[in-house]
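Heads up: the sequence lines are chains A and B, in that order. Per the working numbering, residue 15 is the first one in the first sequence, and the count goes up by one each step. Per the working numbering, residue 315 is the first one in the second sequence, and the count goes up by one each step.
Check the hints yourself; a few may be wrong.
[Said to hold, decoys possible] Cross-link-like lysine to any residue pairs, in silico, SDA-like; alpha carbons within 20 angstroms at most: (1) A:617 - A:188; (2) A:474 - B:356; (3) B:533 - B:378; (4) B:533 - B:421; (5) B:501 - A:303; (6) B:316 - A:316; (7) A:474 - B:316; (8) B:533 - B:505; (9) B:316 - B:403; (10) A:341 - A:643; (11) A:617 - A:600; (12) B:501 - A:643; (13) B:501 - A:168; (14) A:290 - A:265; (15) A:474 - B:425; (16) B:501 - A:167; (17) A:474 - B:352; (18) A:332 - A:367; (19) B:533 - A:151; (20) B:531 - B:495; (21) A:474 - B:355.
If you are wondering where the hints come from, they were derived from the structure by calculation, not from laboratory data.
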Amino acid sequence: MSAIETEWRDYDVIVVGSGGAGGAAAHAATEAGARVLVVSKDPIGCSDTKIAEGVTTVRASAEDGDTEAVLSENLRIAGGDLPPPEITRAFAQDTEDAYNWLRRHGVRPRIDQARGTPRTLPIPLGGHAHRRSIGHDNGGLAFGHAAWNAVVQGIDYLEDAWFLDIVTEPGADGPAVRGGIVYDAIRGCFVAVRAPAVIIAAGGLSTLYYPKTDTMRGNTGDSYALALRAGADLVDMEQTQFLPFCLTAPPSYEGLLVGEPATAGFLGVLRDARGKVLLDAVMVRTRAECSAAIVRAVADGRGTERGGCYLDLTGNVKAERSGVYYKNFMETSLAGVMSTVRQALGRKAAAFQEIWEVRPGAHYAMGGARVNEHGSTITDNGADNGAPAVRGLFAAGQAMGGVFGANRLGSTSLAEGPIFGARAGRAAAELARAGNSMADPVFETHLAPYRNMLGHAGSKPASALIRRLQEACWNGIGPARTGDGMDDFMAELSDIRRDADDAAIGPEALWNQSFIDAIELANMLDTAEAVARAAQDRPQSLGAHIRLDGPDASLLFAKTHSVVVRRDADGDWTLSHAARPPTSWRRLLGYAIRDRKRKAALKLLRLLPVAAQDRILEKRYRATMGAIAQPDAEAA
Amino acid sequence: MKVELVTWREGREDSVTFEYQPREEGERPMALDVLLQARATALPDLAFRYGCRNRNCGICTIDVNGRPRIACRARVRDGDRLSAPGTLPVVRDLVARRDGVARQMRGRLPNGVRGNDLDVEAPEDYHALTACIECYACLDGCPMHARNFEDGTERRDEAGAYRWGNPFSLLKLQRIRLDPVATEAQKADALANAEDLGLDACRTCPGCKCGVGINLKGKVVEALLEAAEV
């Protein structure tokens with residue numbers, strides 16, 4: 015055992031994480047009068063929000079008729095009817111408020127001078143019924159800065175501090191939050207924080223699939239593992255979004271994002287390794303559809319050596335005049351992506367004259383803590399399926415489940431963070447006002463196992479076990495799943511768990527890397543198991559959950575449910591189903607018909623001679639982007 | 315390819331020569347690739363920071379041959395020396411303590427800007443400054459930041475904040491001055507804070523270098539100095 019000090023602190027609300035959700039949560043709770051402590055393992059604001067492409071959803075920003083009902087329905091239909099309507103409605107209600115909050119903290123869009131409103135992308139992103147996605151200079155950086163500004167200007171925080179566990183006490187109506195325990199790596203101490211409310215906003219789980227991911231290293235599933243260990247429910251954990259178009263090579267660039275379905279343009283297609291068209295009308299398809307096409311082709315032996323396919327965007331620039339618009343659209347809307355392509359694949363690829371080898375990469379966890387529209391953790395106690403799960407425990411951003419169900423639409427996560435962060439922040443501040451009694455011995459019980467880990471003389475490095483788990487996750491619970499594959503995965507998972515008990519951990523208090531690796535490994539194991547158990551429970555493919563050995567789930571006339579995973583105090587797992595109200599078949603049919611029409615129109619367009627394509631597309635681009643000077647006109 | 319890795323443990327500096335194995339023929343690895351492979355093979359508990367692998371998050375900055383580089387996008391050559399950023403105190407191996415820089419901005423930034431219609435266009439220079447990834451490469455060679463370590467003792471307040479500023483903190487303040495939504499009072503506060511953080515040191519300094527190519531001298535330092543003259 016090693017000598018490590020414990021520092022005691024008192025707050026009303028602890029926010030775990032400092033990205034788009036955590037920053038907004040901390041700020042909202044502070045504005046509501048709460049004393050707030052932010053705990054962040056990476057430097058403040060260094061989150062998926064900061065490294066995002068910087069495109070966010072603001073309802074009614076460009077087109078009239080973009081009502082709350084339309085946006086809410088877009089989310090639910092894309093999500094396979096898994097998102098609870100009260101949550102998608104909350105999202106639709108708050109996009110403008112959230113965006114204005116970001117703007118109060120420095121996010122500055124380009125302004126459409128004619129409308130006097132922020133300028134949106136010229137094309138609705140896949141699954142959106144309206145143009146409502148606003149791009150920003152320098153991608154998500156200003157969003158990251160907004161979270162940084164909101165916290166750093168006047169809220170207490172710890173950075174380089176790993177939040178270890180939520181401290182709860184059993185009560186008459188279930189467990190209640192008493193605070194949390196933290197490992198502060200740069201000061202080399204534990205911090206025991208007494209607080210009646212904790213907001214989990216610690217991001218996602220994509221690091222389970224490293225290096226086949228475009229997100230931050232810190233996404234080690236901390237959010238879900240913390241929620242599980244505190245006794246909260248998780249929903250939709252089988253739903254991990256894999257972005258279809260990520261790089262397979264060179265090695266330093268593996269997993270990085272190179273485009274969205276919408277950026278395939280009117281004439282972009284997916285091809286298999288031999289060049290045969292795998293999927294057309296890519297532009298109007300969802301991320302899940304494109305990813306599924308690639309992983310199914312690879313499973314059929316039609317993929318490349320590296321397990322990918324080819325994204326062919328060359329059609330967009332064959333026609334001269336409309337090609338200028340396409341290039342402009344890509345360079346202005348996705349500057350970050352284009353810079354990645356130039357560096358990794360070269361100039362010809364970045365000029366759309368060569369096809370790009372792509373493979374799905376882990377991007378986002380749709381599932382997460384089961385919460386209501388205020389971010390409060392809820393459960394089903396038989397009588398009430400919205401009963402509090404753990405009093406004082408909240409989740410926001412990628413940590414929460416429910417907003418996106420089986421598939422998340424592009425540009426929605428940068429809005430989700432501040433929307434549900436602010437909601438959780440306000441609700442947590444209100445709860446904290448009710449007061450709380452503290453019991454220090456409970457904290458010591460929680461701290462003891464961590465104290466005992468320091469100096470543990472084991473034989474296995476946790477960092478090696480993490481890499482082993484990552485490989486197993488890609489193969490077993492990655493974008494292509496089978497029953498057998500998941501059985502193998504569960505066996506490997508228990509092997510790794512056993513080895514994790516034999517992890518070698520140094521005794522030092524200051525920045526103990528082997529201790530950090532061990533606690534992140536523990537979080538990854540808990541989260542991976544939650545994903546696997548939920549995935550095993552869904553034999554059909556639905557959205558991002560692709561079963562190579564099962565049929566596709568049909569939404570028409572079907573009863574839908576979310577898979578709920580929880581672990582009881584003894585560590586035993588239970589699975590249950592939460593019924594979801596289905597969208598009426600008439601509405602679904604309407605969407606299906608519109609979808610077919612858009613796809614048919616694009617198929618037809620591809621068959622036209624280049625000159626005709628050019629005329630049609632130039633007109634369409636011009637209608638939303640305004641006239642762009644042609645190079646020949648400049649020369650003349 | 316042989317690379318020297320400088321470790322720092324229990325107050326002692328040490329160095330290890332690591333032989334990088336290319337993952338494909340002709341690979342020109344980044345510094346981060348070397349660190350990751352070292353952790354996967356010879357040094358399982360090697361401590362270093364990284365995040366996005368795409369030059370966006372700003373946390374993997376280290377020194378390559380004594381100069382700050384963003385590890386995920388810095389190609390390494392045979393014989394290169396990788397170490398913790400020399401501008402901040404080392405905590406372990408290649409990890410330095412960064413938080414004193416951010417903490418000095420507490421109370422120096424507005425709690426939201428409220429001076430104008432939100433739908434007003436920001437000037438181009440404003441957008442140029444939002445490119446900052448907070449990599450802290452600009453701390454290198456900064457005379458203002460160096461004042462925090464004069465006489466070999468580190469100057470932090472009780473909360474851990476550095477007394478003197480740096481190009482990054484000036485950039486944060488200049489952004490407020492360029493923001494069309496900020497009030498005149500907020501802009502005046504920003505200038506006063508820049509002066510309080512030691513802007514004077516910039517008068518005799520030849521200029522700073524940004525890790526991602528922002529023109530710090532022209533768009534931040536000179537703009538602030540000019541405003542301070544008035």
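Hints and how they fare:
1. A:617 - A:188: Distance ~56 angstroms between residue 617 of chain A and residue 188 of chain A Cα, so the pair is violated.
2. A:474 - B:356: Holds. Residue 474 of chain A to residue 356 of chain B sits at ~13 angstroms (cutoff 20 angstroms).
3. B:533 - B:378: Given pair residue 533 of chain B, residue 378 of chain B is violated - Cα atoms ~27 angstroms apart, limit 20 angstroms.
4. B:533 - B:421: 24 angstroms, violated
5. B:501 - A:303: Distance of about 49 angstroms is beyond 20 angstroms: violated.
6. B:316 - A:316: 39 angstroms, violated
7. A:474 - B:316: 26 angstroms, violated
8. B:533 - B:505: 14 angstroms, holds
9. B:316 - B:403: It is violated: about 26 angstroms lies between the C-alpha atoms, which goes past 20 angstroms.
10. A:341 - A:643: 12 angstroms, holds
11. A:617 - A:600: Measuring from Cα to Cα gives roughly 26 angstroms; hence the hint is violated.
12. B:501 - A:643: This hinted pair is violated, its Cα atoms lying about 38 angstroms apart.
13. B:501 - A:168: Since the Cα atoms of residue 501 of chain B and residue 168 of chain A sit roughly 18 angstroms apart, the hinted pair holds (cutoff 20 angstroms).
14. A:290 - A:265: 26 angstroms, violated
15. A:474 - B:425: 47 angstroms, violated
16. B:501 - A:167: 15 angstroms, holds
17. A:474 - B:352: This hinted pair holds, its Cα atoms lying about 16 angstroms apart.
18. A:332 - A:367: 9 angstroms, holds
19. B:533 - A:151: 17 angstroms, holds
20. B:531 - B:495: This hinted pair is violated, its Cα atoms lying about 24 angstroms apart.
21. A:474 - B:355: Given that 20 angstroms is the threshold and the Cα spacing comes to 13 angstroms, the pair holds.
When held up to the earlier numbered hints, the structure conflicts with 1, 3, 4, 5, 6, 7, 9, 11, 12, 14, 15, 20 and fits the remainder.
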